[in-house]
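Take these sequences, add in the hints, and give me the full structure.
Sequence order for the protein chains is A and B. Counting the first sequence from 1 gives a position; this note's numbering is that position plus 3. Counting the second sequence from 1 gives a position; this note's numbering is that position plus 3.
Everything labelled a hint here was simulated from the structure, so no lab data went into it. Beta carbons are placed, not taken as given, at the ideal position from N, Cα and C, and that holds for glycine. Among the hints, a few may not be true.
[What the hints assert, rightly or not] Among the chain A residues that face chain B by a calculated CB cut under 7 Å, a handful are: (1) 4; (2) 8; (3) 24; (4) 25; (5) 149; (6) 151; (7) 155; (8) 156.
[Claimed, not checked] Chain B is nowhere near these chain A residues, computed Cβ spacing over 12 Å in every case: (9) 61; (10) 167; (11) 177; (12) 189.
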Amino acid sequence: MIHLAAILPTAAQRDPVTAIEVNVKGGLTVLQEAQYRKVQRVIFGSSLSIYGTGAVDRVVSETDPTEPEDSYGSAKKSVEGLGEALRERGWMDFVSLRIGRVLGAGSNSVTSSWRSEIFELLKAERPAEISIPYRPSEKILVVHVDDVAEMFLALLSDSRTEHAIYNAPCESILVGDLKRVVESLNPNLTVRLGNGRPMGNPQMLDFSRFQKEFAVEAIPIFDRLKKAAGK
Amino acid sequence: MHSEPKKSVLVTGGRGFIGRAVVKLLRCKGYPVISLDRSPAAANQLQGWLEIEGDVSEGAGFRSVLKKLIGFTA
Chain A
4 MIHLAAILPT AAQRDPVTAI EVNVKGGLTV LQEAQYRKVQ RVIFGSSLSI YGTGAVDRVV
64 SETDPTEPED SYGSAKKSVE GLGEALRERG WMDFVSLRIG RVLGAGSNSV TSSWRSEIFE
124 LLKAERPAEI SIPYRPSEKI LVVHVDDVAE MFLALLSDSR TEHAIYNAPC ESILVGDLKR
184 VVESLNPNLT VRLGNGRPMG NPQMLDFSRF QKEFAVEAIP IFDRLKKAAG K
Chain B
4 MHSEPKKSVL VTGGRGFIGR AVVKLLRCKG YPVISLDRSP AAANQLQGWL EIEGDVSEGA
64 GFRSVLKKLI GFTA
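This is the structure:
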């Protein structure tokens, strides 16, 4: 079983009751029923927001303390905690993948539409704007949705994972570099940057635990952008 | 030589951004997939996968989904 159902952070802020229902109660229900039905493995889609923002230069690994700053991250922490406890007792094969900001065409996100637009608008034949709310000097941890799918497949296929928790391999990219690359791939595109600091997620990540155990080679985001632009 | 039939995989949130990519990849790899999501969807049963509407926070509904999963094959 791969448990991905969740109310995302912005929607969770708008409707915290539903968010707790789905993100906490739903997660606990999934684990309880999976244990009862003897589901072979439960793979949980967790989030880097479980760590909180932290210091800019802090490289976080799976053994670092978790300090989520919102109900979304707290819910992920709760479900992970139960899953780990069940695994330690030998009652369930549980594994969790902590994922960064996911990019790629087709996200249908209203609040973070740039994550898809940087791919979807690359072949725009008319002038178009993309708004990214962060300053050019900020770093963000990103991963392409197709690479995330490959990581889940790896966790599903392995006979038994060594650990319960893995950071998903993500790239730390500068927002200013992202703007430069997107605009260079299509002169019709203008990427407007804001003054915000990316909050809730760390900016640097140690994902060596996943890399040591699984042979998933993520394609660099800028290479994916070039391919999507036909270059 | 015959390979072992792949076991069924339930993907909750299967119509979400990551969920759709995961379901697509699993189907490409030959896994029987049940995709569960709160979003309204026709109960499609195509070759090798099943898409149903449901809510993980509703225990009874989720239990019935797991019963289907146990008997689901490609």
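Outcome of the hint check:
1. 4: It holds, given that the least Cβ distance between residue 4 of chain A and chain B is near 5 Å, below 7 Å.
2. 8: Where the cut-off is 7 Å and the nearest Cβ of chain B is about 3 Å from residue 8 of chain A, the hint holds.
3. 24: Result: holds, 4 Å to nearest chain B Cβ.
4. 25: holds (5 Å)
5. 149: Since the shortest Cβ distance to chain B is 6 Å, the answer is holds.
6. 151: holds (6 Å)
7. 155: holds (5 Å)
8. 156: holds (6 Å)
9. 61: holds (26 Å)
10. 167: holds (19 Å)
11. 177: At roughly 24 Å from the nearest Cβ of chain B, residue 177 of chain A sits farther out than 12 Å, so the non-interface label holds.
12. 189: holds (23 Å)
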